[in-house]
Amino acid sequence: MNNKVKAVIENLQRRKIKAQYFDSREAVIKAILEESTNDQVVGIGGSMTIKELNLHEVLKDEGKEIHWHWLVDLQKRNEVRQKAASADVYLTSTNALTETGDLVNIDGVGNRVSAMYYGPKKVIVICGINKITSDVTSAMERIKKEACPPNAKRLGLKTPCAVTGECNDCRSEQRMCNITTIISHKPMAMELHVYIVGEPLGY
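So in full-length UniProt numbering the end of the sequence shown lands on 203, straight run, no missing numbers.
In short, the hints are calculated from the structure, not lab data. A few of these clues could be false.
What the hints assert, rightly or not - 27 Å max Cα-Cα, derived DSS-like pairs, lysine-lysine:
{"no.": "1", "residue 1": "Lys76", "residue 2": "Lys64"}
{"no.": "2", "residue 1": "Lys83", "residue 2": "Lys64"}
{"no.": "3", "residue 1": "Lys121", "residue 2": "Lys51"}
{"no.": "4", "residue 1": "Lys158", "residue 2": "Lys18"}
{"no.": "5", "residue 1": "Lys145", "residue 2": "Lys4"}
{"no.": "6", "residue 1": "Lys186", "residue 2": "Lys30"}
{"no.": "7", "residue 1": "Lys51", "residue 2": "Lys30"}
{"no.": "8", "residue 1": "Lys18", "residue 2": "Lys30"}
{"no.": "9", "residue 1": "Lys186", "residue 2": "Lys144"}
{"no.": "10", "residue 1": "Lys121", "residue 2": "Lys145"}
Said to hold, decoys possible - Using C-beta positions, here's what the derived DEER-type ranges look like:
{"no.": "11", "residue 1": "Arg14", "residue 2": "Asn130", "range": "33 to 41 Å"}
{"no.": "12", "residue 1": "Met1", "residue 2": "Glu173", "range": "41 to 49 Å"}
{"no.": "13", "residue 1": "Val72", "residue 2": "Gln13", "range": "34 to 42 Å"}
{"no.": "14", "residue 1": "Asn2", "residue 2": "Val72", "range": "34 to 42 Å"}
{"no.": "15", "residue 1": "Thr137", "residue 2": "Asn38", "range": "25 to 33 Å"}
{"no.": "16", "residue 1": "Glu52", "residue 2": "Asn3", "range": "21 to 29 Å"}
Beta carbons are placed, not taken as given, at the ideal position from N, Cα and C, and that holds for glycine.
Let's have the full structure, built from the sequences with the hints guiding it.
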């Protein structure tokens with residue numbers, strides 16, 4: 001763990017957010033299994049990090065009840081989003097994490113970001129080192145350059161960024177940049193963990 005990551009963890013802890021560092025994806029998966037031992041119902045927010053870690057399958061094998069809208073047909077997604085938001089534990093990632101400890105996110109529907117601060121009993125945010133930025137301004141720049149465009153392309157959306165790879169602050173009907181949140185301290189009504197992994201994960 002380098003000095004920058006150490007400072008991020010210390011700043012998160014000052015904000016009453018439980019923060020830990022893990023060298024590898026195997027180590028963070030083990031920690032999540034241990035942390036969720038007593039949590040039967042698991043909600044998951046849209047996250048390439050979770051998909052890359054295959055966490056939904058790992059937890060399913062542990063007998064957990066999984067609610068993730070990525071796993072169901074389009075007509076069932078709103079129902080599953082609502083169930084995920086009231087789960088015992090909610091797993092997701094963050095679009096950016098500042099060195100001072102802010103979790104910065106941009107969302108299209110809003111289910112992921114809202115569940116990060118209200119609804120579930122506990123939230124675990126898994127963040128690869130590629131998502132650490134110096135401040136909120138650089139966090140926003142990162143999201144609009146490195147997160148939203150590739151995500152729009154992956155989803156096959158007809159937005160300018162899916163074609164150009166750059167944010168155009170569009171007015172497209174399929175625009176993804178609808179809701180921006182900054183979590184700057186532990187939400188009052190839930191337990192919040194941030195697990196930083198020492199390798200790139202997600203967008």
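> Where does the structure disagree with the numbered hints, that is, which hint numbers, in rising order?
Replying inline: 4, 10, 11, 15
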